[in-house]
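A.B. asks: Put chains B, C and D on the given structure of chain A with help from the hints.
Chains as they are written, first to last, in our numbering: chain A, 202 to 695; chain B, 202 to 695; chain C, 202 to 695; chain D, 202 to 695.
Keep in mind that the hints were calculated from the coordinates and are not lab data. In this text the structure is predicted, and so the values were computed from the model without any measurement. Keep in mind that a hint or two might mislead.
The list makes no distinction among identical chains, and a pair is therefore deemed to hold if it is satisfied within one copy or across any two copies.
[Claimed, not checked] Pairs of lysine to any residue residues, derived as SDA-like cross-links and limited to a Cα-Cα distance of at most 20 Å, are as follows:
hint, residue 1, residue 2
1, Lys422, Asp586
2, Lys422, Glu560
3, Lys422, Gly561
4, Lys422, Gln582
5, Lys579, Gly420
6, Lys579, Arg630
7, Lys579, Arg563
8, Lys422, Thr444
9, Lys422, Gly588
10, Lys449, Arg425
11, Lys422, Ser447
Protein chains: 4
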Amino acid sequence: MATSFDLDLDGDTLHEECGVFGILGHPDASALTALGLHALQHRGQEAAGIVSFDGRQFHSERQLGLVGDHFTNPMTLARVPGNMAMGHVRYSTTGETILRNVQPLFAELEVGGIAIAHNGNLTNGLTLRRRLIAQGAICQSTSDTEVVLHLIARSQRASSSDRFVDALGAIEGAYAMVAMTRTKLIGARDPNGIRPLVLGELDGKPIFASETCALDIIGAKFIRDVENGEVVVCEIQADGTITVESYKPFPPRPERMCLFEYVYFARPDSMVAGRSVYAARKAMGYNLAREAPVEADVVVPVPDGGTPAAIGYAQASGIPFELGIIRNHYVGRTFIEPTQSIRAFGVKLKHSANRAEIEGKRVVLVDDSIVRGTTSVKIVQMIRDAGAREVHIRVASPMIFHSDYYGIDTPDPENLLANQHPDLASMCRFIGADSLQFLSIDGLYEAVGGEKRNPKAPQFTDHYFTGDYPTSLTDLNGRAKNEPKKISLLKEAG
Amino acid sequence: MATSFDLDLDGDTLHEECGVFGILGHPDASALTALGLHALQHRGQEAAGIVSFDGRQFHSERQLGLVGDHFTNPMTLARVPGNMAMGHVRYSTTGETILRNVQPLFAELEVGGIAIAHNGNLTNGLTLRRRLIAQGAICQSTSDTEVVLHLIARSQRASSSDRFVDALGAIEGAYAMVAMTRTKLIGARDPNGIRPLVLGELDGKPIFASETCALDIIGAKFIRDVENGEVVVCEIQADGTITVESYKPFPPRPERMCLFEYVYFARPDSMVAGRSVYAARKAMGYNLAREAPVEADVVVPVPDGGTPAAIGYAQASGIPFELGIIRNHYVGRTFIEPTQSIRAFGVKLKHSANRAEIEGKRVVLVDDSIVRGTTSVKIVQMIRDAGAREVHIRVASPMIFHSDYYGIDTPDPENLLANQHPDLASMCRFIGADSLQFLSIDGLYEAVGGEKRNPKAPQFTDHYFTGDYPTSLTDLNGRAKNEPKKISLLKEAG
Amino acid sequence: MATSFDLDLDGDTLHEECGVFGILGHPDASALTALGLHALQHRGQEAAGIVSFDGRQFHSERQLGLVGDHFTNPMTLARVPGNMAMGHVRYSTTGETILRNVQPLFAELEVGGIAIAHNGNLTNGLTLRRRLIAQGAICQSTSDTEVVLHLIARSQRASSSDRFVDALGAIEGAYAMVAMTRTKLIGARDPNGIRPLVLGELDGKPIFASETCALDIIGAKFIRDVENGEVVVCEIQADGTITVESYKPFPPRPERMCLFEYVYFARPDSMVAGRSVYAARKAMGYNLAREAPVEADVVVPVPDGGTPAAIGYAQASGIPFELGIIRNHYVGRTFIEPTQSIRAFGVKLKHSANRAEIEGKRVVLVDDSIVRGTTSVKIVQMIRDAGAREVHIRVASPMIFHSDYYGIDTPDPENLLANQHPDLASMCRFIGADSLQFLSIDGLYEAVGGEKRNPKAPQFTDHYFTGDYPTSLTDLNGRAKNEPKKISLLKEAG
Amino acid sequence: MATSFDLDLDGDTLHEECGVFGILGHPDASALTALGLHALQHRGQEAAGIVSFDGRQFHSERQLGLVGDHFTNPMTLARVPGNMAMGHVRYSTTGETILRNVQPLFAELEVGGIAIAHNGNLTNGLTLRRRLIAQGAICQSTSDTEVVLHLIARSQRASSSDRFVDALGAIEGAYAMVAMTRTKLIGARDPNGIRPLVLGELDGKPIFASETCALDIIGAKFIRDVENGEVVVCEIQADGTITVESYKPFPPRPERMCLFEYVYFARPDSMVAGRSVYAARKAMGYNLAREAPVEADVVVPVPDGGTPAAIGYAQASGIPFELGIIRNHYVGRTFIEPTQSIRAFGVKLKHSANRAEIEGKRVVLVDDSIVRGTTSVKIVQMIRDAGAREVHIRVASPMIFHSDYYGIDTPDPENLLANQHPDLASMCRFIGADSLQFLSIDGLYEAVGGEKRNPKAPQFTDHYFTGDYPTSLTDLNGRAKNEPKKISLLKEAG
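Just chain A, with the same shape it has in the complex (with noise of 0.2 Å):
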């Protein structure tokens, strides 16, 4: 429980903190949320949620563990009846995984209740908690998202969904998100558009999605992104009838959607604000070919997050791409620890070098991002201990030198691997390659949005690169440099 042993590829990475999924009108409404969760599963492995409302009472059913844990029941659909449905998978930024963090939250208003999910991250979060917890409020969780559920209930707005608007009104950040009252399904994203949510469609009712790769799996129509700013209303009426309204109630913003979602983030299958993910990512490890090329026999994608990268770098460059490393599918819930003596021999519990293809080759490793470093070092070592005789890395997205503000798990600032070294040399000798390099922020915004960088407008948000926050930074501002990111005072166990 305590310490773990991790040789995990996987260790070393980002992590996204939410998808959401909301359908109205479809008689298999829960079943729908479930199956789209399930397709935005790689947004978050921590716990899932579906609340759904039967026409008489709102119904919640939520769990630890993966959404095919759980809601592939019949008997847990069963209890979450209903032709209007709303859900949530989660990886926890703020807040430990305990059950009642896990969302969508749910409120009775005197108005009726209102159910919400939310993917993103407050930056004026705890600051507004503090001010709640004046005027008498009780936070049952120690997720942002209850603040604003306490925002729509203080709301003096006639309807859920004004009061819903009300509350987005006070908040700043990234985020996408969904609500479900007694009649309405409503999506709406920050001013910014930092986080993604797509609004589709299956025989005529309307969904909002995190990605589209939650549409495909349900054999839903792709309408449009919910745009920057947007509030999408969609809303059943007393014929039956499902009206959509469009509103953009706050002063607009440039939109500048999260380039962590293209590099890392996104399946490969969603397409992101109108462009294939799978193809920016080969599109990165084009222009990485070309920005830094090598000398090398054989391009080894770092599984799985590089390889689209790898086989854009094997184009480019003509060198072949071949399965130099093996990803174990069967990892059990939880990983092995050995003893001090067996650690030492260099145990790879998720991946294995594949020798006879790395075996006296000059290796081309693709990787989509490095954040620490060390899950580099170990695999350069596990190339290396399998008889490569060169090992030169490359890397599809530019050098991380920032914290995110906006629901991505990243580590402190001095852990980052660009923060610890003084040039690319110096981290280089640290991962122990023949050579490190990394794509440029140019190079990226061109494999993305088919055009450098603006410096004036960036069409994207980078801050992790470049330290440029679309928003304002309100609770890091605002708080003593010692004082805990959360303030609760109840540690609940299990």
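C.D. replies: Frame of chain A; chains B, C and D shown alone:
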């Protein structure tokens, strides 16, 4: 799952809601709380919770099931560290048994955290809840106790203990409540003192507990009953000493302890309001023998509740006391649910007749109370099947005509045996006994308090027998006929 | 997990090994077996199993835990279909409790399958096991019963029931055994009839059960005890009729039923060898009062075993019977294991003194038996702590000096109270009582059988009191001093 | 539970039975065995077991589920102490997956204990089992391996290793077996060497493992393949040294390794019989491109099995390799089972089309093999739904016509695609592809072994393609038409 066949002799009884315990200033606070709750387990078996404060942070551990299922593990107790702790066992009356209904409940306040645990029931809980929601409060549970928490959070008083008193001033009904802040442990009883609460001490550290048996298990000393309408505030001072202060912040009302604590709920080895419960029950049986004598060969208790009264009956009548019904202690977690064909065999899962002591005998069956009478029918049949020549039922409490609203789970009045029959003879025929007699209300008062009922100022509350409710019934009177008891829109599965 | 603190009054008792049940020709065979085993649960709580035959195939369901934990589920019972079934509850004496030791055991034979279930213990089991292994048998469990199965498998007789008799001919010790083949249900008792087994019937279908209480629970009729050395073979004939035949294939020996069945093991509502167990226990208390009278105020049973004897003692002595010790029924699955500091408080988890009936009184504590005496020390202390003026212990059976080898789990002889003290006075001082008396062997015989012990031909087996073993002890005598009791080389975890 | 909806692309594949591992003389024997089994997890996911010997006693730990579910816990490993250990992972072919079928199996012998683990299947297992039962053996499991254990137990040879050889002499079929006695670790392969087994070493301590990837994970050195018909006996001598001796006790037969190890079963990073599995698969794709070229825009592997062949096909053909199908790694423990209405949406739970790479393209889908073809139908439909202009299927192995009897779980022959259609065109129409081609048997032989099939003495066993079985099929030929495969009369639930 759905229908469960139940020849449980315990099935047709009343259920008590809760037990509470708290201790201040002891290094083994949570372990002692676990032991105290274990001793109070008869007051609630569905869930148990402990909250502690370690000088820096509150900790909470709440579990469905018995105290002995979870809080026996040193690792579990290690999750609730600190030298102040309080706990709760519950049998749910309001609020389905879901984890977030399990007490103690906790809230972060601007002035610091507070945890509360409640035994009893509010008669204006729904009324208050509606008002709070209209003001923007978010109710996460369906528990009455959460209403108290919201009242505390919204109070404008400076200290958390003042806020607690503020909240108590707004509620009606029965309560024995324990609250804990960063420095204080507070015990309070409602103005009538309907539910019991005692003050004890161990090594000079104050303890609150629902019954004295929770003091006995840890070798603590009984100090006195918390009085009706009293708030006792124990506080750790800066120098480590503990002060204990008594307040009576509410208009005085006559004490009226619930008689059913003596008849059925409290453990026989507890002292309630200075009177041995076991002695009271024996006296009930003694008085019953004098009020309702019968020629018979053997006095048989209906286990386990009827045993002390049967001993009293036997001693008063001179008829030998025998264990004519044997209880199976190994019942397992669920009950056997046989097929229809087996049901007809008259299966006895928890009890069986001790034929050798029954056959050919005239049997006096002594029970503590009769609610619906359904169990009595079965038990008389079982005794007759074992060959009894005559079966006479003697009940050690009066007939029940009215619902309780103070924390006892009573069936709807129309389902009570006493309301379904015009007279005693009809009840007796229904049950299948040769004779049936109930203890008189005066006989009960005398057994418990040593004197007859004072009709002008009853010494106890006896509303289930008499309809004389000690408080106003705000929710009941304000409620439209068909309105549901609870207003929650959300049904949480699991 | 490791050390468990245990002030359980039940801790210092003897443990019975098993209970058996079987029924032939009834459509609800497995459900009735589950109910019968539930009634026999006091004979073994560690595991339960049922084997059925559906006319085509045998089915088996074996589980650790209580009958009521598993066999209450209709889906579980559906896995043991057919109109013949047999079952077993076990408390393990030989063989750790692992699933493959759980009975009934089953073997495919060339002549068809056979299942067997055993209550008792073989005195030549290890000797036979060694011989079988030398012949190439593979033992999968560490259970004595598997030896019987191997003997059946290796018998050269034509029918499986003949093979069963063959196997019985080779074993020594105590057994009440039930066997089932494709058409037969067989019950057998060892030549001395040490362990009980009765024959009953329901709707004309024969039943075997360890005690009559297993007949009562399903409304079945008691026919007679299976006799010592008798093999009763019930068979479904081709025309559907059931024949019942009796065999006595072994040299006749005197019947010597185990006295501890009356003293402690059997349920009080069972008839064993035609004698009510409850009546026998009351008679033990009655005789004890005459043999060992004492001036006192109150007779208090040590629950639950001592209760009938205490009633007898009270009736004979005229001293009032009172529940001076209260038992906590809600113990949970594990026991509380407090810290050292708490242990010193004298925690009472399962029992507590009923102070109001003890304080200032001269108390006669009546217990069924004393094994090590360690529990008696604690209980006397608990009674003294509750304020008793005098504590007199009266034990309703003689002193125990010897080990049992017939299915009762006895401590090593040097750990028995009677072997650790030179005389009664020393024992009394150790226990801390004011006086201590045991029932005489003649007093016990008279209570159970109506007449004194016949030293030339004892009517019962009483070896734990007298050292007079009814069979030879082959394993014991053939074993080198330090040889382990079991010879299995394999330790199966979990 | 009953019917499970499954659009799993992995659903229509063959399943391998088992993987084995053993190590002698290493202080971390059981931890290393756990790691080795983890690396072999692809050979069996239903259960895993480890047996160790600590110099005094054998220890066993067997669990259903993945190695990583149980054997990652140091406390679990502590239950299998000692410096010699062996283990097994299984996918059950014969014998339902119940715990007592989980290997390694163990028997106490007169000459000491022995544990065995088996990968393969006997072709005379039922015949031997019948004979053993007739001789009085009791079979506790339905596993073939238990038959071997009985043969060992009944052998009259003096040493347990000689008895093991004795037993091997009686069996027919395929086996790679590891056995362990108090001083020896033994590895053996059947005379044809159908299943793989390698000898390795770590710090001079010998290891047996099904594949080299189990050596790589612990940093052990590959020594050589155990040869067909070879028994390798490693023994700890009295002085602590380890001797390794080779025996060939059986009449020599030609080596015929199973081709499906290369086609599908073995891990791509393993070396089997000196040949890289990954390289062999790439060569299959390469040969397939030459045998069955097609005009197309993109080569898409059916993940994960088809990937190496697809890379080979792309390299040979010059058509770009792209990830046109994306695999969802987060599947959970069970599969989603949607309602009929949802099923019609064409749900894809484990895989989805990468539309951006498919739409408007001519796609070559490369798969490793086709068994029933049912999955191919679905995948072609999925690719067409994603907008492919043409879909061409290329299969990197020949058509399958025959059942396997050597440890591969094959459907009944009448359910194989190749047996359900008169010709390739009919299969192609059934699958819905624009063209369909299989690799020739010579193309496969050349890819694996470098030369064409020698029809007189085939270098491999290829019976599923050709019907040319390398051993006699005793059970099959001796079995009456409708006789069940297993003769067990007992069905053990749970």
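A.B. asks: All the hints need checking, so say for each whether the structure fits it.
C.D. replies: Evaluation of the provided hints:
{"no.": "1", "hint": "Lys422 x Asp586", "result": "between (48 Å within a copy, 12 Å between copies)"}
{"no.": "2", "hint": "Lys422 x Glu560", "result": "between (47 Å within a copy, 15 Å between copies)"}
{"no.": "3", "hint": "Lys422 x Gly561", "result": "between (49 Å within a copy, 18 Å between copies)"}
{"no.": "4", "hint": "Lys422 x Gln582", "result": "between (46 Å within a copy, 17 Å between copies)"}
{"no.": "5", "hint": "Lys579 x Gly420", "result": "between (41 Å within a copy, 14 Å between copies)"}
{"no.": "6", "hint": "Lys579 x Arg630", "result": "within (13 Å within a copy, 49 Å between copies)"}
{"no.": "7", "hint": "Lys579 x Arg563", "result": "within (18 Å within a copy, 40 Å between copies)"}
{"no.": "8", "hint": "Lys422 x Thr444", "result": "within (17 Å within a copy, 68 Å between copies)"}
{"no.": "9", "hint": "Lys422 x Gly588", "result": "between (49 Å within a copy, 14 Å between copies)"}
{"no.": "10", "hint": "Lys449 x Arg425", "result": "within (16 Å within a copy, 65 Å between copies)"}
{"no.": "11", "hint": "Lys422 x Ser447", "result": "within (19 Å within a copy, 65 Å between copies)"}
The structure agrees with every numbered hint stated previously.
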